[in-house]
Amino acid sequence: MSAESFRAELRAWLAANITDEFREKRHMTFQEKVAVRRVWQKKLFEVGWIGIGWPKEYGGRDASLMQEAIYNEEMARAQAPVTANVIGLNMVGPTILAVGTPQQKARYLPKILSGEEIWCQGFSEPNAGSDVASLQTRAVREGDHFAVDGQKVWTSYGYVADFCILLVRTDFEAPKHKGLSYLIVDMKSPGVSSKPLVQMTGEAEFAELFFENVKVPVENLVGELNKGWMVAITTLMHERGSLSLSIIVVLEQRLQALFELVRSSTLNGKPVLEDSQVRQRLARLYTDVKTFKLNTMRQMSTLSQGHLPGPEGSLLKLHWSELNQRLVELAFELEGPFCSLAPDSVDAPFEGRWQYEYLRARGNTIEAGTSEVQRNIVAERVLGLPRS
Amino acid sequence: MYLALSEEQKMLAQTVHRFVEKELPSSKVRQIMTTESAFDEQLWQKMTEQGWMSLTVPVEFGGLAESWLTVAVLFEELGWGMVPGPFLATVGLAVPLLAKAGSAEQKARWLPAIVEGKCRASLAYLEPFTSYELDSIRTTASEVSGKYALSGTKMFVLDAGVSDMIIVAAKEEGKLGLFLVEKGAEGLVVEILEGMDLSRRLTRITLKNTPAEKIDACNEPRQMLEQALNCASFALSAEGVGGMQWILDTAVAYARTREQYGRVIGSFQGVAHPLVDRALDLTSARSAVYEAAYALDHRPDEIAEAVSMAKAFVSDGYRQAGYTGVQTLGGIGFTWEHDMQLYFRRGSGTWSLFGDPNWHREHLLQTIQM
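Chains R and F, in that order, give the protein sequences. Per the numbering used here, the first sequence starts with residue 1, numbered consecutively. Per the numbering used here, the second sequence starts with residue 1001, numbered consecutively.
It is worth saying that the hints were derived from the structure and are not from the lab. Any given hint might turn out to be false.
Here are some, though not all, of the chain F residues that point toward chain R, as calculated from beta-carbon distances under 10 Å [unchecked claim]:
| id | residue |
| --- | --- |
| 1 | Met-1011 |
| 2 | Val-1252 |
| 3 | Ala-1288 |
| 4 | Arg-1361 |
Residues of chain F placed beyond 12 Å of chain R at every Cβ, according to the derived structure [claimed, not checked]:
| id | residue |
| --- | --- |
| 5 | His-1017 |
| 6 | Ser-1027 |
| 7 | Asp-1040 |
| 8 | Glu-1041 |
| 9 | Gln-1050 |
| 10 | Val-1059 |
| 11 | Glu-1116 |
| 12 | Ser-1136 |
| 13 | Glu-1194 |
| 14 | Asn-1209 |
| 15 | Cys-1218 |
| 16 | Ala-1251 |
| 17 | His-1273 |
Glycine is no exception: its CB is placed at the ideal position from the N, C-alpha and C atoms.
With the hints as extra help, turn the sequences into a complete structure.
Written out as structure tokens, the structure is:
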């Protein structure tokens, strides 16, 4: 299919199919939002407009990188709603594709795409944040299963997920990176419990997870026993790399919203659009979003030439997280005295959207590895500087 | 969208890289910089032999008319190597303008000569005002029985001291036009200004009833001028990416070996993290430049936007790289002796050439109807 007919087909489909039922309302609970996202994702799945870069046999389209780029542009242009299974689509799927068994691929991949099964990622623990490899959740082999005990925290989608990729310690004598294994855990298993964890936004997007003598079948091991760290790295690389593709859409939509805000706002009696300071910041943000997109595509093009995602993904993660903070800060400031209102205030402009984004963005430089850790990774593994 | 260089482009990059390593050690660069015009005839001839003069010249005038992406590759490596002299003025600025605006005779006279390494050219458009706007041009052109004469003062003209021909933007009865002035023309005075960037010369030229030839093959001289300035901003930005790369390479190499407090200084996060930020700047700068090349090659409607974005980003990025470069090297970085200062000064000189980042960002917003 030519690039232009691909674009035209997608554009027409989006125009005909994005209706109000897929629009989240600002004050919905996280669970209500996820329910809306699920319905939208199912709709995309039914016509093959999700996971387009995945192999056809698991529900994808084997799309080229250029088609992925067009897909993202069109999703941004149409202000398309977000999908439910962000972790499944961007982290679990690529990891299972890379190292999963044929059975795991057949069992899990199609339902990740359809949104039928939502995933969460159980890596962080109360005492293992940036230093993930020091985690203490343990799994002991007992016949045909592992018995898992421990606690995870800051788990996005934790209390709505159907499955969890769980990083556990299986060798207690080995050095910390060498005793880990990577399991798929059914969240409905006896002994699993979760508790919503409220963020500074007031919303509970993530959770605490507890595992008490949870039986996990041995066939749910991903990769080899005690070599879970390498599998986790694969996931984290995708979190920093592939996820960037979908973040392009989010950022471009947010930038469009900021442009609208600038066009329609006045501050101290003057149109904001005429303020030279605002204009300079706006142009910088426009450049930031564009270069982020270009950086991502350039990096992905090396992947499609057969390279595995590398530590350069940390540069992308640094880029989007910090640029998103700059973007929402400008929107926040443009509200003048109204920016002092909380996201939930009935008097907050745009249903408190920018207040919410302002608070939420502070998590960007922490989740998926703090900016400090990302800078260490780039320093050591891209620039070749000695370990700090 | 740009995604990757071709094998030929990668080979060109290696060739240029090896050339500057071989032909332009620091001592040679510094020797050329001390000459009045930062010009070295031998170097110019060697660059000519490589075919680099012909990259932006149309095929019918003996050039190669390479893609702008290839031009970016060339300028990037020349910028990594701190190549001194009027290459940017000639190949990046005057040639694109003449190729767009000149008559067939004018092109036939000058372009093949440039390809053969026999002459150099430049453009004079700014004047002694703090402005990048073409509207502030005051230099006048007057016609007497078919012959033109120019009067006025031009500032920040690149390498006019070694230019055989200078294209001058002037107003004829209030309307902007382009005129060709030859070296040694009557009433033409070229003064060399002391520039921040030591690798090429900024000049002031004064014109007093100076004979000139009108470039009257084009109906839209203003548009032609803007387009040529886009080409030059683009080439300068590509060169800047090379400079940013040199600074990062040099600072990282130093941070990997220099020891203080019994540790290699690159193991201190306070040293390492700014270098990471410069690596990100460099990645983005390169993306912006390659995207501008893509626009120049394939998307005429997007050229103005993409070039302004690249020029604004690289200009700030090059300066910032210079700050981090000097700081990482510490005492030695602040010396005249270390080449870091050459790149620092070139980055600072690049910042305002062909429009500073603030001007380009404003321009960018206008191109996207904001």
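Q) Can we keep the F/Ala-1288 interface hint, with Cβ of chain R closer than 10 Å? A) holds, 6 Å
Q: Return the status of the interface hint for F/Arg-1361: holds when the least beta-carbon distance to chain R is below 10 Å, violated otherwise.
A: Interface hint status for F/Arg-1361: holds (4 Å vs cutoff 10 Å).
**Q.** Closest CB of chain R to the CB of F/Cys-1218 still more than 12 Å away
**A.** Check passes; 30 Å lies beyond 12 Å.
Q) Is the nearest CB of chain R more than 12 Å from the CB of F/Glu-1194? A) Holds: least Cβ distance 30 Å, greater than 12 Å.
Q.
If we take the beta carbon of F/His-1273, is the closest beta carbon in chain R still more than 12 Å away?
A. violated, 5 Å
Q | Proposed interface contact between F/Val-1252 and chain R, which counts if any beta carbon pair is under 10 Å | A | holds, 5 Å
Q.
Using Cβ atoms and 12 Å as the threshold, tell me whether F/Ser-1136 really stays out of contact range of chain R.
A. holds, 19 Å
Q. Far enough from chain R: is every CB of that chain over 12 Å from the CB of F/Ala-1251?
A. violated, 9 Å
Q: Evaluate the condition: distance from the CB of F/Glu-1116 to the nearest CB of chain R exceeds 12 Å.
A: holds, 37 Å
Q) Holds or violated: is the Cβ of F/Asp-1040 farther than 12 Å from all Cβ atoms of chain R? A) holds, 34 Å
**Q.** Status of the hint placing F/Met-1011 at chain R (closest C-beta pair under 10 Å)
**A.** Interface hint status for F/Met-1011: violated (18 Å vs cutoff 10 Å).
Q. Far enough from chain R: is every CB of that chain over 12 Å from the CB of F/Gln-1050?
A. holds, 28 Å
Hint compliance for this structure: hints 1, 16 and 17 are broken, all remaining hints hold.
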